[in-house]
Each structure stands twice: as structure tokens, then as C-alpha cells.
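J.: Line by line, the protein sequences are chains Y and B. For the first sequence, my numbering begins at 1 and goes up steadily by one. For the second sequence, my numbering begins at 1 and goes up steadily by one.
Quick caveat, the hints were computed from the structure, so don't treat them as lab data. Treat the hints with caution; some may be incorrect.
What the hints assert, rightly or not - For lysine-lysine, the following DSS-like pairs were computed, each having C-alpha atoms within a straight-line distance of at most 25 Å:
{"id": "1", "chain 1": "B", "residue 1": "438", "chain 2": "B", "residue 2": "301"}
{"id": "2", "chain 1": "B", "residue 1": "438", "chain 2": "B", "residue 2": "449"}
{"id": "3", "chain 1": "B", "residue 1": "427", "chain 2": "B", "residue 2": "301"}
{"id": "4", "chain 1": "Y", "residue 1": "105", "chain 2": "B", "residue 2": "367"}
{"id": "5", "chain 1": "B", "residue 1": "24", "chain 2": "B", "residue 2": "98"}
{"id": "6", "chain 1": "B", "residue 1": "367", "chain 2": "B", "residue 2": "98"}
{"id": "7", "chain 1": "B", "residue 1": "301", "chain 2": "Y", "residue 2": "105"}
{"id": "8", "chain 1": "Y", "residue 1": "96", "chain 2": "B", "residue 2": "438"}
{"id": "9", "chain 1": "B", "residue 1": "438", "chain 2": "B", "residue 2": "360"}
{"id": "10", "chain 1": "B", "residue 1": "98", "chain 2": "Y", "residue 2": "96"}
{"id": "11", "chain 1": "B", "residue 1": "106", "chain 2": "B", "residue 2": "367"}
{"id": "12", "chain 1": "Y", "residue 1": "105", "chain 2": "B", "residue 2": "438"}
{"id": "13", "chain 1": "B", "residue 1": "367", "chain 2": "B", "residue 2": "427"}
{"id": "14", "chain 1": "B", "residue 1": "360", "chain 2": "B", "residue 2": "427"}
{"id": "15", "chain 1": "B", "residue 1": "449", "chain 2": "B", "residue 2": "367"}
{"id": "16", "chain 1": "Y", "residue 1": "96", "chain 2": "B", "residue 2": "449"}
{"id": "17", "chain 1": "B", "residue 1": "301", "chain 2": "B", "residue 2": "360"}
{"id": "18", "chain 1": "B", "residue 1": "438", "chain 2": "B", "residue 2": "427"}
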Amino acid sequence: MEILMIIIAGILFMSATYLMLSRSVVRIILGTTVLSHGVHLLLLTMGGLKRGAPPLIGEEASAYSDPLPQALILTAIVISFGVTALFLVLGYRSYKELGTDNMEKLRGNDGND
Amino acid sequence: MINFLILPILVPLITAVILIFLNKSVIAQRWVSGLSAFVTVILSALLVNKVKNDGIQTLNLSNWDAPFGITLVSDMLSALLVLTTSIVAFACIIYSFKGIGEAREKYHFYAALQFLIVGVNGAFTTGDIFNLFVFFEVMLMSSYALILLGGTKIQLRESIKYILVNVISSGLFVIAVGYLYSVVGTLNMAHIAARISEISGISQPGVISIIGIIFLIVFGLKGAIFPLYFWLPGSYYAPPAPVMAIFGALLTKVGVYSIIRTYSLFFYEDGGYVQQVIMILAILTIIAGIIGALAYSDVKKIIIYNIIVAVGVILFGVSTMNESALTGSIFYLIHDMIIKAALFLLVGLMATITGTNNLKQMGGLIKNYPGFSWTFFLAALALSGIPPLSGFVGKVLIVQGGFSSEYFIGAAIVLASSLFVLISIMKIFINGVWGEPKTYANEKTVPYKQLLIAPVILVILSICYGVGADFIYPYMSQAAESLINTNLYIDAVLKE
């Protein structure tokens with residue numbers, strides 16, 4: 001199971017890299033969200049995917065799945081959500097102000113400020 | 001009091017929350033943030049004193065024992081860095097009173113600044129690797145706010161790149177934490193260090209080296225080392241002077257601190273592979289920084305590339321891993337935080353007076369602004385390490401350590417870098433301060449005397465730091481002690 005998940009995470013990283021190397025700002029932001037999905041999936045996988053009950057004391061099982069990676073992922077999800085929201089607003093605002101979403105035209109040459 | 005080491009994090013946090021409600025009244029914001037920054041300086045000075053007298057301070061949050069809860073650890077290195085952070089933040093806040101403009105102040109400038117201090121102080125104090133990530137994000141989120149605030153075109157353009165680079169490096173940070181967790185099964189830094197020294201030599205030492213390299217990439221992206229510094233010149237160029245000062249003084253240094261901490265705790269047992277990589281990258285970083293600093297005739301760009309040189313010098317000292325060079329690195333790290341903040345504020349003042357960043361359009365500032373000029377001269381000498389001033393002691397110890405470990409080429413490059421740094425900074429002095437005075441359009445409206453207060457405070461501090469090196473040396477050697485003898489750190493946390 002871990003092998004499959006690692007391959008999927010790898011495919012997500014690949015797509016994220018491809019998207020982030022493109023010119024449009026929106027595609028770059030999509031790339032960052034795909035990257036964060038891959039990261040969270042990898043974090044879950046690295047914690048181990050052995051079978052066990054959900055980490056609730058009321059389940060009274062003999063074995064539980066590891067609760068720590070789940071807490072870490074929850075934290076990381078919220079953080080990347082905040083950053084993505086800011087990034088989207090920034091993309092919108094810079095499109096309004098600068099009149100382009102093409103990264104090639106957002107270079108910092110002289111006279112381009 | 002056992003909770004003492006959390007106060008430098010808690011005071012700015014509470015202040016930031018209060019400041020959010022005060023956004024209409026600029027005067028109240030100035031008073032509250034200035035006072036709170038001053039209180040933070042006092043508290044962190046007391047913390048340094050406490051660590052000096054009682055050894056490493058640890059605090060288990062919510063009374064959970066060490067590997068299971070989050071532990072805050074304040075050894076001498078982190079206490080000193082917290083103190084320096086507070087001082088730099090205080091100076092930048094004083095400068096902002098006149099230097100940032102009411103439009104920005106009304107939109108939560110001071111609140112974002114205080115949150116940035118929370119993140120930096122937290123990152124220096126935490127003893128948990130995932131908590132370090134969270135404090136990094138606190139710091140980065142407030143830095144996004146600060147770099148964007150004002151919304152001019154250059155800020156919008158550069159912050160897209162800045163945010164993108166930091167999102168990628170944060171993703172890599174979480175990946176690295178995931179890998180490390182799957183190998184050692186714990187997140188507490190002291191516990192990770194203990195586990196790694198148990199498993200090294202038994203199973204797969206290569207895995208630890210690979211994780212070490214990933215951490216180096218992550219912190220190298222934050223701290224701007226050689227192939228990963230490409231984002232820094234553009235991004236730091238965009239925001240106004242006080243923001244630039246706080247970025248240049250604090251943000252990269254958090255990355256450098258994290259490299260020092262993780263490297264000295266986790267990755268020293270793999271036969272020196274990570275050490276070699278850090279050393280080579282440090283030397284290349286110095287060279288790249290020098291090339292940039294000499295190439296530009298733009299005052300801000302010159303100082304920005306000097307950040308990169310300093311990061312290289314500090315990391316070279318760390319990578320030699322002997323006591324003298326480590327002490328020197330810590331000396332140099334703190335000197336560099338203070339002097340970079342001072343230089344950015346001075347250069348910002350220069351740009352405000354002249355209305356341009358280009359050296360070729362300046363000249364003769366010494367006639368009308370002698371106070372500014374001599375402060376800048378002292379700061380420039382301190383930066384390049386002229387003996388009685390603060391950059392000297394650190395560099396001497398680094399070079400001495402490099403020679404005694406027989407890394408001759410690296411030590412020679414560190415020495416040569418001083419010369420080139422001096423050339424680059426004197427170029428500003430000669431072209432901007434000497435020569436025929438020119439008249440500038442908005443010269444009269446600049447509140448020059450008030451803006452000069454903060455950099456003068458910092459430069460006086462840095463002179464005291466250099467002259468009083470004998471007095472400060474015991475603190476530095478205590479800081480280096482806990483980096484070399486990691487059992488001190490591990491035992492203090494795990495209470496074995």
C-alpha cells in the first residue's frame with residue numbers, strides 16, 4: 001500500500017513541478033496546491049499505513065492508526081490553505097494592477113517598474 | 001519563574017492582537033508597539049542572564065514530558081539570538097514612526113511586524129522540529145504581509161516570486177519532517193538526536209545523510225546559500241526601508257540558525273559528508289555574494305548582496321566544526337544582524353533624502369548631513385571587520401579555526417571577502433558621501449534627525465559589541481559549548 005501511495009505522491013510532485021514552471025500565475029498557484037496535496041499524502045504515508053482503528057479512545061480496539069501524522073497534516077493543511085488564499089488574492093490584485101498574468105512580463109528589468 | 005523563556009514569544013503575540021483593534025489610531029499603535037518592543041528587549045536580556053547563571057532552560061508546555069509534548073529550549077545561542085532580534089525589532093519600530101508613512105501604519109503594519117517577531121523568536125526558541133515549521137510559517141506569513149503592504153507595482157511583482165519560493169521550501173520542509181519521522185519516529189529535536197546516534201552505524205546511515213541534504217536545501221532556501229539565493233536580491237529590493245532592514249537582519253538568519261541547530265544536533269555523525277557539502281556551498285556563497293556586491297551601483301543592491309556574503313562566512317565557520325570557528329560564527333552572526341539592520345536603515349535614509357537608489361545620481365551628502373555620513377562610515381568599517389569594531393572578532397576566530405583545521409582555501413577566501421566587502425561599501429561612501437553636493441527635490445521635507453535615531457542606536461551597540469568583546473566572549477563560548485557538546489542539550493531536554 002505504501003508503494004502505491006508513494007508513486008501517487010510522486011506523480012503529484014511531478015504535476016506540481018510542471019505547473020509551477022509554466023507562465024500563467026493561476027497555473028502556478030494550482031501547482032502549489034497540487035504540491036501541498038502531495039506533501040500531505042506523503043506525510044500520511046511516512047507515518048505508516050498499517051491497519052488499525054481510527055484514533056478514538058471510544059473505539060476500544062487493540063491497535064490504532066498513528067494519530068501524530070494526522071495532527072501534523074491538519075496543521076499543514078490549514079497553513080497551506082491560508083497561504084493559498086493570500087496567493088490567489090495576490091494573483092488577482094497583480095492582474096488588476098499590472099495588467100498581465102504572464103510571468104515572462106513580470107521580470108524586474110529597468111523601466112519595467 | 002519557570003515560564004520565563006516563553007515571554008519573548010508571548011509579549012509580541014499579545015501586543016499584535018491588541019494592535020489589530022487599534023488600527024484607526026496611529027499614535028496609540030506607535031506607543032503600544034514601541035513600549036512592547038522595549039519590554040521584549042528587557043525580558044530577553046534577563047533571559048540571557050538567566051541562561052548564563054543557571055544553564056540551559058527548558059519548558060515542557062502543558063506539563064507533558066519531554067519527547068511527547070512540545071518543549072521550548074533556550075540555550076545560550078537561542079537566548080542571544082532572541083535578544084538580538086528584540087533589539088533589531090525595537091530599532092526598526094522606532095525608525096518606522098517617521099519612516100513608513102501613515103497609509104501603511106493604518107493597515108496593520110505594526111501588528112504584522114509584531115507577528116514577525118513572534119515567528120522569529122519562536123523559531124529560535126523551539127525544541128520541536130514541526131513546531132519549528134509552524135513558527136517558520138508564522139514568520140513567513142507576516143513577511144508576506146509586510147512585503148505586500150502598500151501594494152505598489154514592484155511589491156506585487158516581487159512578492160509573487162517571494163511567496164512562490166517560500167511555498168515550495170515549506171513543502172520541502174514538511175517532506176523532510178515526514179522522512180525524518182518515518183526513520184526515527186519522533187519530532188522532539190533532542191530525542192531525534194538521541195535516536196540518530198543510536199541507529200547510526202547500525203542501519204542505513206545513508207538515509208540520514210539524504211535527509212540532512214534535504215534539510216540543507218530547505219534552510220538554504222530560507223537562508224539564501226549559494227545555488228538557492230536567486231530569489232533574495234529581487235524580493236528584498238521591493239519593500240520600504242524598515243521592512244527591508246528587518247528582513248535582511250532576521251529572516252535569512254533564521255535559516256542560518258536552523259542549519260546550525262539541525263546540523264550540530266542531527267547530521268554530524270555521518271562521516272562528514274553533510275559537513276563537506278555545507279563548506280563548499282558556503283565558499284561558493286561568499287564568492288557569489290562578492291560578485292553581486294561589486295557589480296551594482298545601486299545602494300540597496302550592494303547591501304543585499306552583502307547579506308549573502310555574511311551568510312557564507314557564518315556557514316563556513318559552522319562547517320569547520322571546531323570550537324574557535326563556531327564561537328566566531330556566533331559572534332559574527334549577532335554582529336551581522338545588528339549591522340545589517342543599521343546599514344539598511346542608513347541606506348533607506350540615504351534613498352529618502354536623495355530620492356534615488358542610484359549611486360551615480362548622488363554625491364556630497366557629508367556637507368549637509370555630517371551625522372548621517374559618519375554613522376555610515378562607522379557602520380561600513382564595522383561591516384568589513386576593522387579591528388576595534390564588531391566585525392573583527394568573529395572573523396578572526398573563524399579564520400583562526402579554519403587554519404587550525406587546515407581548511408586553508410576557505411579561510412583565505414573569508415579573509416579576501418573582507419577586502420571586497422570593504423570595496424563595495426566604500427563605493428557607496430566615496431560616490432554618495434564625498435564629492436560635490438547636489439540638490440535633491442524633496443530634501444527639505446525629510447525628518448532627517450528623527451530617522452537617524454534608530455541607526456545611531458544600532459551602530460553604537462555594534463561599537464560596544466566590538467570594544468567589549470572580552471566581556472561578551474564567555475557568553476559566546478557558552479553558546480558554542482552546547483553546540484559542540486550536544487549531550488548538554490539532549491540531557492537538559494530529556495532529563496536523563
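J.: Hint by hint, work out which the structure violates, then give me just those numbers in ascending order.
T.: 4, 8, 10, 11, 12, 16
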